[in-house]
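Engineer: Below, each chain spelled out in residue letters.
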Amino acid sequence: MTGPTITGFLLGSLSWGALPFVRAWREPNISEIIGAGAGSIVVIGAVVTIALITWLQAWEYLWTQWFTSLDHKKIGIMYIVIALVMLSRALIEAVLIRSQQAAAINGPGFVEPGHFAQLFSTHGSIMIFFMAMPFLTGMVNYVVPLQIGARDMAFPYLNSVGLWLTAGGSGLMMASLVVGEFSTGGWSGYPPYTELNFSGGPGPDYWIWAITLASIGSTTAGINIACTIYKFRAPGMTFLRMPLFCWTAVCTAILMIFAMPPLTVATALLAADRYLGTHFFTDDLGGNMMNYVNLFWLFGHPEVYIVVLPSFGVYSEVVSAFSSKELYGYKSLVIATMAIGVLSFTVWLHHFFTMGQSADINAVFGIATMAIAIPTGVKIYDWIFTMFRGEVRFTPPMVLSLAFMVTFVLGGFTGVILATPPLNYMVHNTLFVVAHFHNMLIPGTLYGLLAGYMYWFPKAFGFRLNERLGWISAGCWITGFYLAFFPLYVLGASGMARRTHEVFDPAFRPWLYVALFGAFVLFTALVTLFVQLFVSIRDRHANMVAVGDPWDARGLEWSVAAPPPEWNFAVIPQVESRDAFYWRKRNREAYKPVDHYQDIELPKPSACGVIVGLSAAACGFGLVWRIWWLVALFGAVVVATVIIRSFLRDVTRTIPAAEVEAFDRRWLAQAHYAKPVSRQREMSRRNEGLAEWTA
Amino acid sequence: MDSVGPQLRHAGLNLEDDPRESRHQVESDVFGFWIFLMSDAVIFALLFALYGTMLGARAGGPGPADEFKIGSAFVETLILLTSSFTFGMTSLCLKRDHKPQRLTLWLALTLLLGLAFLGMEIHDFVTMVSHGATASRSAFLSGFFVLVGVHGLHVTFGSLWILVMVAQVATLGRDAKVKINLIRLSLFWHFLDVIWVAIFSVVYLQGLIVPGGGS
Ligand code: HEM
Ligand SMILES: [Cu+2]
Numbered sequence: 001m002t003g004p005t006i007t008g009f010l011l012g013s014l015s016w017g018a019l020p021f022v023r024a025w026r027e028p029n030i031s032e033i034i035g036a037g038a039g040s041i042v043v044i045g046a047v048v049t050i051a052l053i054t055w056l057q058a059w060e061y062l063w064t065q066w067f068t069s070l071d072h073k074k075i076g077i078m079y080i081v082i083a084l085v086m087l088s089r090a091l092i093e094a095v096l097i098r099s100q101q102a103a104a105i106n107g108p109g110f111v112e113p114g115h116f117a118q119l120f121s122t123h124g125s126i127m128i129f130f131m132a133m134p135f136l137t138g139m140v141n142y143v144v145p146l147q148i149g150a151r152d153m154a155f156p157y158l159n160s161v162g163l164w165l166t167a168g169g170s171g172l173m174m175a176s177l178v179v180g181e182f183s184t185g186g187w188s189g190y191p192p193y194t195e196l197n198f199s200g201g202p203g204p205d206y207w208i209w210a211i212t213l214a215s216i217g218s219t220t221a222g223i224n225i226a227c228t229i230y231k232f233r234a235p236g237m238t239f240l241r242m243p244l245f246c247w248t249a250v251c252t253a254i255l256m257i258f259a260m261p262p263l264t265v266a267t268a269l270l271a272a273d274r275y276l277g278t279h280f281f282t283d284d285l286g287g288n289m290m291n292y293v294n295l296f297w298l299f300g301h302p303e304v305y306i307v308v309l310p311s312f313g314v315y316s317e318v319v320s321a322f323s324s325k326e327l328y329g330y331k332s333l334v335i336a337t338m339a340i341g342v343l344s345f346t347v348w349l350h351h352f353f354t355m356g357q358s359a360d361i362n363a364v365f366g367i368a369t370m371a372i373a374i375p376t377g378v379k380i381y382d383w384i385f386t387m388f389r390g391e392v393r394f395t396p397p398m399v400l401s402l403a404f405m406v407t408f409v410l411g412g413f414t415g416v417i418l419a420t421p422p423l424n425y426m427v428h429n430t431l432f433v434v435a436h437f438h439n440m441l442i443p444g445t446l447y448g449l450l451a452g453y454m455y456w457f458p459k460a461f462g463f464r465l466n467e468r469l470g471w472i473s474a475g476c477w478i479t480g481f482y483l484a485f486f487p488l489y490v491l492g493a494s495g496m497a498r499r500t501h502e503v504f505d506p507a508f509r510p511w512l513y514v515a516l517f518g519a520f521v522l523f524t525a526l527v528t529l530f531v532q533l534f535v536s537i538r539d540r541h542a543n544m545v546a547v548g549d550p551w552d553a554r555g556l557e558w559s560v561a562a563p564p565p566e567w568n569f570a571v572i573p574q575v576e577s578r579d580a581f582y583w584r585k586r587n588r589e590a591y592k593p594v595d596h597y598q599d600i601e602l603p604k605p606s607a608c609g610v611i612v613g614l615s616a617a618a619c620g621f622g623l624v625w626r627i628w629w630l631v632a633l634f635g636a637v638v639v640a641t642v643i644i645r646s647f648l649r650d651v652t653r654t655i656p657a658a659e660v661e662a663f664d665r666r667w668l669a670q671a672h673y674a675k676p677v678s679r680q681r682e683m684s685r686r687n688e689g690l691a692e693w694t695a
Numbered sequence: 001m002d003s004v005g006p007q008l009r010h011a012g013l014n015l016e017d018d019p020r021e022s023r024h025q026v027e028s029d030v031f032g033f034w035i036f037l038m039s040d041a042v043i044f045a046l047l048f049a050l051y052g053t054m055l056g057a058r059a060g061g062p063g064p065a066d067e068f069k070i071g072s073a074f075v076e077t078l079i080l081l082t083s084s085f086t087f088g089m090t091s092l093c094l095k096r097d098h099k100p101q102r103l104t105l106w107l108a109l110t111l112l113l114g115l116a117f118l119g120m121e122i123h124d125f126v127t128m129v130s131h132g133a134t135a136s137r138s139a140f141l142s143g144f145f146v147l148v149g150v151h152g153l154h155v156t157f158g159s160l161w162i163l164v165m166v167a168q169v170a171t172l173g174r175d176a177k178v179k180i181n182l183i184r185l186s187l188f189w190h191f192l193d194v195i196w197v198a199i200f201s202v203v204y205l206q207g208l209i210v211p212g213g214g215s
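As you go down the protein sequences, you meet chains A and B in turn. Just so you know, we're using full-length UniProt numbering here: the first sequence kicks off at 1 and counts up by one. Just so you know, we're using full-length UniProt numbering here: the second sequence kicks off at 1 and counts up by one.
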């Protein structure tokens, strides 16, 4: 593609036309202007952020305290920051998709077909790989070590590498707005459409490399989480004493370990086809795109459980805490979780019932799919029975949990419809499918992650989030979902195809308008979420819960200060039962000084993770534009960094016992002077983070 | 933590002087690597499966009987198996605490064998390519080159790793981390051996069984 010129060497296939601004200048129509606008938002956003950080002189602070930190808590928070940024972008794109379809009834609408295809491709890819995955990885990262009584993850440095690979992948997604264009092949990137002869531009390459970075990052995260839970539980924290969130985390980790490789193979082989001229999935010389489809869904189906299980964990914690009851049917929840994990590998074919297998094979996979409804149903009943006769408080996380239970069951019903091959033939590739998977993913993943965010926020930052805005946001997420997606069931059943750029049936108009309105309500929900954050930070002094247990909750994570010290626990706790902290409070053993404080060894901050992740992204950028020197240079930087790091020995630092003791005693004094707050008043300013536990 | 007894579970580790804390860390470091290998094994399993589905997809191009040379594949097998033996000797040196030179010697020998393997493999590949049997000729050849090539990349990476470990033994001596890395490296190296045995059976031996036959 490149000539032998010097610019060809330096810039690969990059040219002026890659910039949306230039394209909009040459061809000023609304579609290009939206593209240029999006590009400008990225550029301006980056410039403003950099300027702001410089103006606040915060670079050093950010670099030493955050970017290079190997503390699992900070890494967790950074993951979630990425997720929230990417959620905003993908949600705006969703609003654009809905607007286009509502505007394009018997007309072209305002977004060009290619641009429209990029919108749903980026929306889907981002929501899965750069919203749901970082969000849940971040949450697991933050919460699990605290819940099992560990000081950090098993591999803090690998943890940082995973974070920065995800950040690098997100960077590539953002770069595709400014330089060139994204794939038009959907989030699943099916070949042969995404092969060179149909999609010659940089689009699929952006998709391939962004996804590859994310999936490698997730594999490392999975290894890390599994190893942490297997090897770093506190003494006495047997498997069946772990909080349920840990169980879902370990199950998700196992799924990541086994399900990310198929994705890596799929994207790598697609890349081989595009870069090396192999014929894995091409439509000539023996290539077979069904191999891709199988690989992709071998990952894709477990993936939906990867993103859904941690939220199930959150619901288990939230429902139990805000009902003040032990989790009902703990063991059945554990078994159900693991059963779902195993079954999730046996159903991938239901994503392509229509692609040529025999009816018998379809029947087997259809039945296997329906079987998953059983363990899921068990869970729903367990949560309901947990609430039964409990002292239920309708905090925002609890409201989201309740909305989840109702909505998810409805989505499950449509899932059973889709799992029936003859019915699937009728509605496959229509908006019915889109309605179904959003009906699972929004309550099943997003609500849970948001509930977890609101539930653990006071733990992480030491003050509560504003509940009123939390309710408004939750209310908008709930009504917005119903308005935006239930019409799609109707549209899909009436035959409207998904990924449609123009609509030719005027009868669809009212439904499309309702769905558009719903998308706006969802957007309001997102805005409210940020307003809530802003208002809560502004009013933080009135809502401090420094003692650390604002909800009279149960797990070990609530037994330390809020925010917890870097070392989490002054001494590694000894666990006697499930809900360890709850019983410690009841037995009047909580908030006791330690007999003997000891030095604590923690990992030192390291720049290696940042360098590896961002260099890998630069390498990916070079691959997209075929700038080979960039690929070689940053590839070498990655390898060199890993090697150099392996020679370093001075990688830990010791917190002296005196410092640990001073912190602990200060916190104990705070706990001593705080006024316990009753459950009825936990959403008031009287909540200092010390729960009244006589009741 | 109580689940981990004080005994040493990994051959070649003698960290008696180290506190319990770091021994616990060792457990988890090696265990984590096992998990990684499982994940890597999935990648190979999928590549094998793909190769299987593409056996017949020759598109009129050359097939196994035309291109595979069982002789050189057999020699490669012997070389790689021997390198596993020499790595075994490295592990014994690590455990029995012989002189560092001896450990380095066995490591270097392993490296040489690894490089010899790679040299032969590259030679085979180049010969194939010179016949026009390239990865872009047919799906079958794509599957072949990628399956065998990914194994070769792993061996390349393993060789680089050996080099790094030789340097570490020389500069850092045998501290706990060097030992852990040697143990991980040995797992990696033996793993590659196992994969190669599968490649030898599935790719090369099977290529003999179906002389020029269709799918
Ligand atoms: C929060 C509000 C959301 C809205 C308004 C929304 C809206 C949409 C729309 C309009 C489409 C395109 C439908 C079509 O093909 O015609 C779509 C596709 C998709 N969405 Fe969402 N979505 C939302 C959240 C999510 C979430 C949370 C996830 C995943 C965690 C997600 C994952 C996807 C995926 C995977 C696709 C398919 C993309 C493709 O066709 O390749 N969405 N969404
Ligand atoms: Cu599925």
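Treat the hints with caution; some may be incorrect.
[Said to hold, decoys possible] Simulated DEER-style distance windows between Cβ atoms: (1) A:586 / B:156: 54 to 62 Å; (2) A:373 / B:41: 29 to 37 Å; (3) B:34 / A:586: 36 to 44 Å; (4) A:604 / B:153: 27 to 35 Å.
[To be verified] Here chain A is said to cover these stretches of chain B; the calculated rule only asks that three of the stretch's residues, wherever they fall, bring their Cβ under 8 Å from a Cβ of chain A: (5) 76–86; (6) 139–148; (7) 171–180.
The hints are simulated quantities; they were obtained by calculation from the structure and are not laboratory data. Predicted model, so just to flag it, every value in this text is computed and none were measured. All residues carry an ideal CB built from backbone N, CA and C; glycine is no exception.
Engineer: Each hint needs a verdict: does it hold in this structure or not?
Structural biologist: Evaluation of the provided hints:
1. A:586 / B:156: 54 to 62 Å: holds (59 Å)
2. A:373 / B:41: 29 to 37 Å: Holds: the Cβ-Cβ distance is about 31 Å, inside 29 to 37 Å.
3. B:34 / A:586: 36 to 44 Å: Taking Cβ atoms as reference, residue 34 (chain B) and residue 586 (chain A) lie about 40 Å apart, which means the hint holds.
4. A:604 / B:153: 27 to 35 Å: For residue 153 (chain B) against residue 604 (chain A), whose Cβ atoms are near 32 Å apart, the range 27 to 35 Å holds.
5. 76–86: It is violated: at least three residues are needed, and the segment 76–86 of chain B offers just 0 whose Cβ sits closer than 8 Å to chain A.
6. 139–148: As far as the segment 139–148 of chain B goes, the hint holds, because 6 residues have Cβ atoms under 8 Å from chain A.
7. 171–180: holds (count 4)
Consistency with the previously given hints fails for number 5 only.
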